[in-house]
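J.: The task is simple: from the sequences and hints, build the whole structure.
Protein sequence lines correspond, in order, to chains A and B.
Going by the UniProt record's numbering, the first residue of the first sequence is number 1, and it counts up by one from there.
Going by the UniProt record's numbering, the first residue of the second sequence is number 1, and it counts up by one from there.
Just so you know, the hints here were simulated from the structure itself, not pulled from any lab data.
All residues carry an ideal CB built from backbone N, CA and C; glycine is no exception.
Misleading hints may appear alongside valid ones.
Claimed, not checked - Simulated coverage check for chain A against chain B, where a stretch passes if three residues somewhere in it have a Cβ under 8 Å from a Cβ of chain B:
{"no.": "1", "segment": "13–23"}
{"no.": "2", "segment": "27–38"}
{"no.": "3", "segment": "99–110"}
{"no.": "4", "segment": "167–180"}
{"no.": "5", "segment": "191–197"}
These are the residues of each chain, in order.
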Amino acid sequence: MIKIENLNFSYSKQRILFKDISMQLSNGHIYGLLGKNGAGKSTLLKNLAGLVYAQSGKIDVFGFDPAKRQPAMLQQICFIPEEFHLPAIKIDSYVKANAAFYPHFDHQYFADLLKEFDIPVGQKLIDMSYGQKKKVIIAFGLATNAKLVIMDEPTNGLDIPSKAQFRKIMASALTEDKCIIISTHQVRDLDNLIDTVIMLDENKIALKATVEEVTEKLCFKRVKELDETVIYAEPSLAGYNAVMANYHQEDSKLDMELLFNAVLTEKNKLKPIFN
Amino acid sequence: MEFRDNKAIYLQIAEYVCEHILLEKWQADQKIPSVREMAVNLEVNPNTVMRTYELLQNKNIINNKRGIGFFVADNAITHVKSYRKAQFMEDDLPTVFRNIYLLNIDFEELQTRYNTFVKENF
Chain A
1 MIKIENLNFS
11 YSKQRILFKD
21 ISMQLSNGHI
31 YGLLGKNGAG
41 KSTLLKNLAG
51 LVYAQSGKID
61 VFGFDPAKRQ
71 PAMLQQICFI
81 PEEFHLPAIK
91 IDSYVKANAA
101 FYPHFDHQYF
111 ADLLKEFDIP
121 VGQKLIDMSY
131 GQKKKVIIAF
141 GLATNAKLVI
151 MDEPTNGLDI
161 PSKAQFRKIM
171 ASALTEDKCI
181 IISTHQVRDL
191 DNLIDTVIML
201 DENKIALKAT
211 VEEVTEKLCF
221 KRVKELDETV
231 IYAEPSLAGY
241 NAVMANYHQE
251 DSKLDMELLF
261 NAVLTEKNKL
271 KPIFN
Chain B
1 MEFRDNKAIY
11 LQIAEYVCEH
21 ILLEKWQADQ
31 KIPSVREMAV
41 NLEVNPNTVM
51 RTYELLQNKN
61 IINNKRGIGF
71 FVADNAITHV
81 KSYRKAQFME
91 DDLPTVFRNI
101 YLLNIDFEEL
111 QTRYNTFVKE
121 NF
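T.: See below:
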């Protein structure tokens, strides 16, 4: 369980990122963290992992304060950043140097993941392509068996087959005791993997809802014409892709990109629906 | 499996399971893939598959044998048919009717086409 209470964060006086945000995350979910460039997705993730310090507010990660960076908490967190640096060594040396920090590290699982990702294990990390390196740190991160898995844009740099493998690996990695948070712009890569959407906008959490809640309240469909039931719409070949209030209990498929744009442009219409 | 973009994923997975039962690829009392296997196979969140399996349990199409897994229920085919029929009438038929009306399609022509289709495919 992760709790954020009244978090305030800014990098400087001019650039305030979070104003008094609160939310709770529980195990057994894959959260999709969405937001425009600069909305603070990576910063929120860094707050959870104790990589930056908030001005005020409380964060509780499995009973720990991440800012204290206690080893007992850090061994339960795997953080896969968007930008990373890997040393000029081979994979086995990397594991030797780093796996010891994670008491539940599973060497067999790591080997299986590398194989699934088709990684040349004999090669030095520095000689690998960006996508290959990314797959190595994803595999390492999951093999730590950490309870909190944080991934910042994990599908960036992955080739087409690797994206499908990534989805399979994540579908199988989610267990009841794990909390997985994925920040992404590539929602089409991941939309069937995410069960709860968190959207950051204007220093706040603009939306936090499960896919089930969203589709209970909203209906995503193609319409020929716009009327007053349409909350937000984008033109398409066959009319409009529309977000509408779900008056008739229709079970539509959540379109995450459409939802994202709807939340950004029609905040006032959506707010009463979700409160 | 290719997902369509208009129907909730958990319902599309339900259709997928029902299809396997109707085609008797999965028969009564046979174990079906676990939530995890299905999620990996379809590249979806396991919670979504869980929602599908709960729905199918409520429709008496599958059973949960605690600790062992999910099994095709007795009479599953009958239950699948009534569930799918209700869905078809509600979701698909209005579109078909609309096109039949707009394009002035004759019912007799439909009947002939239908007969040929059944002959060729089943």
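J.: Mind taking a look at whether chain B covers the segment 27–38 of chain A? Criterion is 3 or more residues with CB to CB distance under 8 Å.
T.: Three-residue rule met by the segment 27–38 of chain A, so holds; n is 3.
J.: Test coverage of the segment 13–23 of chain A by chain B using CB-CB distances below 8 Å; three residues minimum.
T.: violated (count 0)
J.: If you look at each residue in the segment 99–110 of chain A, do at least three have a Cβ nearer than 8 Å to any Cβ of chain B?
T.: Check failed, 0 qualifying residues.
J.: For the segment 167–180 of chain A, does the count of residues with a C-beta closer than 8 Å to a C-beta of chain B reach 3?
T.: Held - the segment 167–180 of chain A has 5 residues with a Cβ nearer than 8 Å to chain B, which meets the minimum of three.
J.: Examine the segment 191–197 of chain A for residues whose CB is less than 8 Å from any CB of chain B, and state whether their number is three or more.
T.: Holds: 4 residues of the segment 191–197 of chain A have a Cβ under 8 Å from chain B.
In summary, the structure is inconsistent with hints 1, 3 from the numbered list given earlier, while agreeing with the others.
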